[in-house]
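Chains as they are written, first to last, in my numbering: chain A, 103 to 176; chain B, 108 to 293.
Keep in mind the hints are simulated off the structure, nothing from the lab. Even glycine gets a Cβ: it sits at the ideal position worked out from N, Cα and C. A couple of the hints might just be wrong.
Said to hold, decoys possible - Across the chosen pairs, the derived CB separations fall in these ranges:
1) Ser158/B <-> Arg151/A: 28 to 34 Å
2) Arg151/A <-> Gly251/B: 40 to 46 Å
3) Asp210/B <-> Arg144/A: 26 to 32 Å
4) Gly251/B <-> Arg144/A: 37 to 43 Å
What the hints assert, rightly or not - Covered stretches of chain B (in silico footprint by chain A; criterion: 3 or more residues with CB under 8 Å from a CB of chain A, positions within the stretch not fixed):
5) 137–148
6) 160–174
7) 241–255
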Amino acid sequence: MQDRDKNNNKVEPTLEPVLQAHIGKQLRRMYDAMIREPVPERFKALLDRLEEGEAVREPIRDRAETGADEADSV
Amino acid sequence: MSEKARLSLKAMLLAELPALRAFALSLAGAEDRADDLVQDTLVKAWANAASFEEGTNMRAWLFTIMRNTFFSQYRKARREVQDVDGEAAARLVAMPNQLAHLDLADFRARLERLPADQREALVLIGASGFSYEEAAEICGCAVGTIKSRVNRARRRLIEQLALSSVEDFAGDPGLPENAALPPLAE
Numbered sequence: 103m104q105d106r107d108k109n110n111n112k113v114e115p116t117l118e119p120v121l122q123a124h125i126g127k128q129l130r131r132m133y134d135a136m137i138r139e140p141v142p143e144r145f146k147a148l149l150d151r152l153e154e155g156e157a158v159r160e161p162i163r164d165r166a167e168t169g170a171d172e173a174d175s176v
Numbered sequence: 108m109s110e111k112a113r114l115s116l117k118a119m120l121l122a123e124l125p126a127l128r129a130f131a132l133s134l135a136g137a138e139d140r141a142d143d144l145v146q147d148t149l150v151k152a153w154a155n156a157a158s159f160e161e162g163t164n165m166r167a168w169l170f171t172i173m174r175n176t177f178f179s180q181y182r183k184a185r186r187e188v189q190d191v192d193g194e195a196a197a198r199l200v201a202m203p204n205q206l207a208h209l210d211l212a213d214f215r216a217r218l219e220r221l222p223a224d225q226r227e228a229l230v231l232i233g234a235s236g237f238s239y240e241e242a243a244e245i246c247g248c249a250v251g252t253i254k255s256r257v258n259r260a261r262r263r264l265i266e267q268l269a270l271s272s273v274e275d276f277a278g279d280p281g282l283p284e285n286a287a288l289p290p291l292a293e
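The following block holds chain B by itself, in its conformation from the complex (with noise of 0.2 Å):
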């Protein structure tokens, strides 16, 4: 790689930073572990550099290497802690401070509740604005399988708002029109 697109290389990986780190702790919870795997993510971009192809959607490549990487920790770490509840409450207490807001930190608890793939898919098209077809890519499944984990994840936490405290947002005046989700296209 000539120097020129070495440099270039480290400016767009500077300019995903915020992109990758909300990607890492909305995959990994924890802040500590969510900035490990944000620097797995970069050691392994800047050795595989020559994998990227120029003009292509750099964001997906790094988030690619990024779940990968994460995924293949996950199911090393299931193998050896079987208390993965547990862990998962312990690690809640670990958030960040910026998100103390109770409304949020109570959505954040339960969407760490969710499996890992659900909640991956969930975030990818609900929130980083990836298509369905990219989505797809960056979890190297088929466009069908991320359908169906937005979907189960979403029919969780419906049920789960339902069951709890209706009141709290039935009414709120807040939600714009197209707050929803996009639909799934079946």
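Next up, chain A with everything else stripped away, as it sits in the complex (with noise of 0.2 Å):
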């Protein structure tokens, strides 16, 4: 694979630019459609979580905060 870098004549030089703006295209297409899948429910949850641990560490000022759910479940 490494060694082909050296016969790089193989790709014709007019199609480059084209064959750039088809990668630059593809990847920027793959990212957007990343990007728009929707958000698992689970990383919402986790960053409940980390808040209600922090919140256990801290409970005097959450609790002035963040209201009765809180104080119930800690």
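With the hints as a guide, bring both chains together as one complex.
Structure (structure tokens):
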């Protein structure tokens, strides 16, 4: 695979801009499709848990601002 | 960290989730591995929130955490699993349904066969919209290293494309003028 770098003349020079454009387009299309995928609920739940974890360490400050739901779970 | 800052951290992390997931998918390939990577990144980001400097680029900070996590796991996995190609092939089976479109699936398969550092550089520059300087900062390397990785990745993909069905794209009328990756300033 690495040795192929030596005979790059396999690639027509005039094709290269077209190929580069194609790669750029495909790359963005792929990434955009990934960005648009729905985010799994588990990550939102994880952030909630992280927040609750902080609440356990700093109970006074958290209870003052987050209310009854939080107080029940602590 | 104040309550207010922590609440906004959560909001910022929520806002970055789609980008985090896309970067994880491009790095790790299979959806389950990518999601584990997102999870590890969120936990580390939360634990190290104090190291985030307000006013700086949160996405770049998160991507740095993610790629460092990925590459330390990747190096470990490489020591344990010799058959990296076989593993990569197995992961391709688990592609998300949303990407079942053959063209994209094919491109993604080619991307997955690139060395991970080249794939990372190509995605950061060509898809995530980071500058070469930002990408270098994220990867903890020199700007020239990023440029050379992007260059090698691009060359390898071009070779593969040229060797395969040229007719598939040579006459693509849908190519916008500026579809190419940003030029390398050498």
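Status of the hints after comparison with the structure:
In this structure the hint that Ser158/B and Arg151/A lie 28 to 34 Å apart at CB is violated, the actual value being about 21 Å. Remark: the range hint 40 to 46 Å for Arg151/A to Gly251/B is upheld by a beta-carbon distance near 42 Å. Between Asp210/B and Arg144/A the CB atoms are about 30 Å apart, so this pair conforms to the stated range of 26 to 32 Å. The given range of 37 to 43 Å is respected by Gly251/B and Arg144/A, whose C-beta atoms sit roughly 40 Å from each other.
Proximity of the stretch 137–148 of chain B to chain A, defined as three or more residues with a beta carbon under 8 Å from a beta carbon of that chain, is established by the 3 residues found. Residues of the stretch 160–174 of chain B lying with their CB closer than 8 Å to a CB of chain A number 0, which falls below the three-residue condition for coverage. Interface restraint, the stretch 241–255 of chain B with chain A: violated (0 residues with C-beta to C-beta distance below 8 Å; minimum three).
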